[in-house]
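**Student:** Please construct the entire structure, taking both the sequences and the accompanying hints into account.
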Amino acid sequence: MTDQELKDLVASLAKDQKRTEEQFAKTQAQMAETNAKLAKSDEKFNRLAEMYGGASNNQGKVAEEFFYNSLKPKQTLNGIEFDFIQKNITRSKGDIEEEYDIILVNGNVIYIVEVKYKLHIRDIERFLDRKLPNFMKLFPEYKDFRIHLAFASFSIEDELKQIAREKGITLLQRRGDVFETIAA
Numbered sequence: 001m002t003d004q005e006l007k008d009l010v011a012s013l014a015k016d017q018k019r020t021e022e023q024f025a026k027t028q029a030q031m032a033e034t035n036a037k038l039a040k041s042d043e044k045f046n047r048l049a050e051m052y053g054g055a056s057n058n059q060g061k062v063a064e065e066f067f068y069n070s071l072k073p074k075q076t077l078n079g080i081e082f083d084f085i086q087k088n089i090t091r092s093k094g095d096i097e098e099e100y101d102i103i104l105v106n107g108n109v110i111y112i113v114e115v116k117y118k119l120h121i122r123d124i125e126r127f128l129d130r131k132l133p134n135f136m137k138l139f140p141e142y143k144d145f146r147i148h149l150a151f152a153s154f155s156i157e158d159e160l161k162q163i164a165r166e167k168g169i170t171l172l173q174r175r176g177d178v179f180e181t182i183a184a
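In the numbering used here, the protein residues as written are 1 to 184.
Derived by calculation from the structure, the hints in this document are not laboratory data.
One should not assume that every hint holds.
Below, computed lysine-lysine pairings styled on BS3-like, alpha-carbon distance capped at 25 angstroms [said to hold, decoys possible]:
| hint | residue 1 | residue 2 |
| --- | --- | --- |
| 1 | Lys7 | Lys87 |
| 2 | Lys87 | Lys44 |
| 3 | Lys18 | Lys87 |
| 4 | Lys87 | Lys40 |
| 5 | Lys26 | Lys40 |
| 6 | Lys18 | Lys7 |
| 7 | Lys74 | Lys93 |
| 8 | Lys137 | Lys167 |
| 9 | Lys161 | Lys61 |
| 10 | Lys40 | Lys93 |
| 11 | Lys118 | Lys87 |
| 12 | Lys26 | Lys37 |
| 13 | Lys87 | Lys61 |
| 14 | Lys87 | Lys131 |
| 15 | Lys167 | Lys131 |
| 16 | Lys26 | Lys7 |
Simulated restraints on C-beta separations [said to hold, decoys possible]:
| hint | residue 1 | residue 2 | range |
| --- | --- | --- | --- |
| 17 | Asp95 | Arg146 | 36 to 46 angstroms |
| 18 | Asp158 | Thr34 | 30 to 40 angstroms |
| 19 | Thr34 | Met1 | 42 to 52 angstroms |
| 20 | Leu38 | Gln173 | 53 to 63 angstroms |
| 21 | Gln162 | Asn58 | 43 to 53 angstroms |
| 22 | His120 | Ser70 | 14 to 24 angstroms |
If you're wondering where the values come from, they're calculated on a predicted model, not measured in any experiment.
Positions of the beta carbon are idealized from the N, C-alpha and C atoms, including for glycine.
**Tutor:** This is the structure we're talking about:
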């Protein structure tokens, strides 16, 4: 290789290197722009997820308030009168922590009422497989009580009604025009 060929090769490599660096700079700029767009999309997605979660939680709170306010005045369920009613009871012991929406208790009977805006089969499964056994561990003071289970929901499909009945679960469902007038 001659001296000139070597110089031409080095010059060619330098040009190629410059083009590569320019292309790399463009690619980096495009990646930065894409990252900025993704960050905006992530922000929008997170706001949407927060809104959806908030709406879901709000529906649950509405259902809990409705059923608690419906049970509280008489504290009677399935013809059983109760001494007291509690809502949103959370208890933990070791690595177990559960929240129970409503409980009604008298001298020897307890009703555990789980409230769902719309009842799903997984709610029944979770209740029977996890929440009921955990209740027994978390509330040993009720070990000699007759325990009854109930779901309170604004929406229960017929198939789930049958499943709940077969499993001995009482269902509470809103019906008609039940409301209270609070005068100004």
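**Student:** Hint by hint, work out which the structure violates, then give me just those numbers in ascending order.
**Tutor:** Failing hints, ascending: 1, 2, 3, 4, 7, 10, 16, 17, 18, 20 and 21.
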